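Line order of the protein sequences matches chains A and B. FYI, in my numbering the residues of the first sequence are 1 to 307. FYI, in my numbering the residues of the second sequence are 1001 to 1307.
None of these hints come from the bench; they were simulated from the model. These figures come from a predicted structure and were not determined experimentally. Misleading hints may appear alongside valid ones.
[To be verified] To list a few chain A residues with every Cβ distance to chain B over 10 Å, as calculated:
#: 1; residue: T21
#: 2; residue: H29
#: 3; residue: Q114
#: 4; residue: I128
#: 5; residue: S143
#: 6; residue: D233
#: 7; residue: T303
[Claimed, not checked] Stretches of chain B that chain A covers, calculated by requiring three or more beta carbons in the stretch to come under 8 Å of a beta carbon on chain A:
#: 8; segment: 1051-1057
#: 9; segment: 1112-1121
#: 10; segment: 1127-1140
Each residue gets a CB set at the ideal place from its N, CA and C atoms; glycine is no exception.
Protein chains: 2
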Amino acid sequence: MTGPSTLTDPAVECPAGSPVTDLPEVIRHTMQNAVMVEAGSDALQAAIDHHFRSPGGYLRARLGYHTASALGIESHHAITVASISELLHNASLIHDDVLDRDTRRRGQASVWHQWNEGVAICLGDLFISAAFGLIAGLDTFASRLPPLITLVHEHVRATIHGQLSSLSPRLHASDRFRRYAEAARGKSGPLFGLALEAPLVLTGHHEARMNARHATGAFATIFQLADDIEDYDADMALDPEYGAGNMLRALERISSEPLPRARSYSDLLLARSQRLAGRLPAASGTALTDECDLLRTRIHGLTGASG
Amino acid sequence: MTGPSTLTDPAVECPAGSPVTDLPEVIRHTMQNAVMVEAGSDALQAAIDHHFRSPGGYLRARLGYHTASALGIESHHAITVASISELLHNASLIHDDVLDRDTRRRGQASVWHQWNEGVAICLGDLFISAAFGLIAGLDTFASRLPPLITLVHEHVRATIHGQLSSLSPRLHASDRFRRYAEAARGKSGPLFGLALEAPLVLTGHHEARMNARHATGAFATIFQLADDIEDYDADMALDPEYGAGNMLRALERISSEPLPRARSYSDLLLARSQRLAGRLPAASGTALTDECDLLRTRIHGLTGASG
Chain A
1 MTGPSTLTDP AVECPAGSPV TDLPEVIRHT MQNAVMVEAG SDALQAAIDH HFRSPGGYLR
61 ARLGYHTASA LGIESHHAIT VASISELLHN ASLIHDDVLD RDTRRRGQAS VWHQWNEGVA
121 ICLGDLFISA AFGLIAGLDT FASRLPPLIT LVHEHVRATI HGQLSSLSPR LHASDRFRRY
181 AEAARGKSGP LFGLALEAPL VLTGHHEARM NARHATGAFA TIFQLADDIE DYDADMALDP
241 EYGAGNMLRA LERISSEPLP RARSYSDLLL ARSQRLAGRL PAASGTALTD ECDLLRTRIH
301 GLTGASG
Chain B
1001 MTGPSTLTDP AVECPAGSPV TDLPEVIRHT MQNAVMVEAG SDALQAAIDH HFRSPGGYLR
1061 ARLGYHTASA LGIESHHAIT VASISELLHN ASLIHDDVLD RDTRRRGQAS VWHQWNEGVA
1121 ICLGDLFISA AFGLIAGLDT FASRLPPLIT LVHEHVRATI HGQLSSLSPR LHASDRFRRY
1181 AEAARGKSGP LFGLALEAPL VLTGHHEARM NARHATGAFA TIFQLADDIE DYDADMALDP
1241 EYGAGNMLRA LERISSEPLP RARSYSDLLL ARSQRLAGRL PAASGTALTD ECDLLRTRIH
1301 GLTGASG
């Protein structure tokens, strides 16, 4: 019959306790396994294979994995919880490309462009469902699963609202930098937040969630600013007045030196992010702190700073 | 900050143990609560309100509620588990309307037509996430949540594959009735299956799942056939050769008396569904059996049978 099968297990297949030698490969395997099917639509299977051929840098999954490991979560469970936010991030990219009519994604055709809108909408839906499906693999944390499920749904909801708010014509006709920064955080912040908060909730550190959320929110804002500096020309070609919500364009309107302004704003927020990350239990904010250092270097490079 | 809030609880608000006097109203309230937000995109909030203004007959939720109640699940938990498949069904309708460019849904404008594709894609995503979010409200069943999560993801996956397979050009250029029937079951069967299987899994009746799945699969096939008979003219206008996958059109190609043929096929499958439903524990198949009776009457009316 065409109904669902029980052959695929959402839990990761790497043996418990074994060290992870190739983290990106194990993450890819975990995500691909979570969306896998034995039989079904050929187009969807082809789109899954296509998507995983160029799956990105796994920043959210890497942050989640190192945070979980610092909190004492065993390797294969750390991989599972870390893949949740990564799958949701990929779902949002696949659906965003439909919304924005982007024909390219990570050096190849976007899913809707290669197939059609229907395949892309269905693939994104499958990724969202698979993200929740992974939670079943965390069955040794039984009593913590309800708060984890609530957390994941909250962050999906926030990402969706952030995504739609960032498309709002009101935003794109505004010259207020603060609005642009809030939109950037509203769209990217929740899934970075989930990467850290999910392992915290799984280990009972509910009180640390707010620090993690503010730390990742500040990081996400600057992460988006770096992208906006790189995409400045493309965004201005799309919308010569407001740069389609580009944060550098908003800085230009309030400052004669937008790049130094972007740099000092980044330094401020990244320092805040690192200060908050430093307060997380069991040094679990170290991975985020390291990513802040990398992002600071990237921003300094983009804004022409020497050091 | 724009991040997620913890104010909304995915659990249903009706007091534990209270009798449900207005089932559709309680289901609507539960679903609306699960997707609720305090702040976020105005367009998304407006689309939520619009959607719930005309939310359908709640067939899946009603089947789920009565199945759960028969299995001894307390009223407010029965409502919660029953709303899972209903939210997923609504998500699929919202996304299907984008795919099919349907401008009307239940007597009002479809979401993508009233707003745009972005709002409709985001709203469907939110409904999928909210369906899983409801599982957090079932925290008294802690050890059963992992298999329930796996079950929900399996059925979402099957629905997505069924949806895409039913859009396949190969299907629409086929004259084989069996293929049409399989496509109908593949698309509608999983969420009817989930309505019964979720309460069974929650009460530990794993062994009864397959009977429930086959019983709902047969029911779903005839449920789709009834729709196809009603939509015959519209489907033929769309695709004069194959009726865009219309099952009655496929019967026409193998029989000079397609309506009596549809009737006898329905009688066969509905009897099978009722036979399998009768084997479910604690008479939990009674709700499905009753719906089979109603569907048989509807089919007999549509095919011109007298009794």
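Taking the hints in turn, this is what the structure says about them:
{"no.": "1", "hint": "T21", "result": "28 Å, holds"}
{"no.": "2", "hint": "H29", "result": "18 Å, holds"}
{"no.": "3", "hint": "Q114", "result": "14 Å, holds"}
{"no.": "4", "hint": "I128", "result": "5 Å, violated"}
{"no.": "5", "hint": "S143", "result": "6 Å, violated"}
{"no.": "6", "hint": "D233", "result": "24 Å, holds"}
{"no.": "7", "hint": "T303", "result": "25 Å, holds"}
{"no.": "8", "hint": "1051-1057", "result": "violated (count 0)"}
{"no.": "9", "hint": "1112-1121", "result": "holds (count 4)"}
{"no.": "10", "hint": "1127-1140", "result": "holds (count 10)"}
In the structure shown, a violation is registered for the earlier hints numbered 4, 5, 8, in ascending order.
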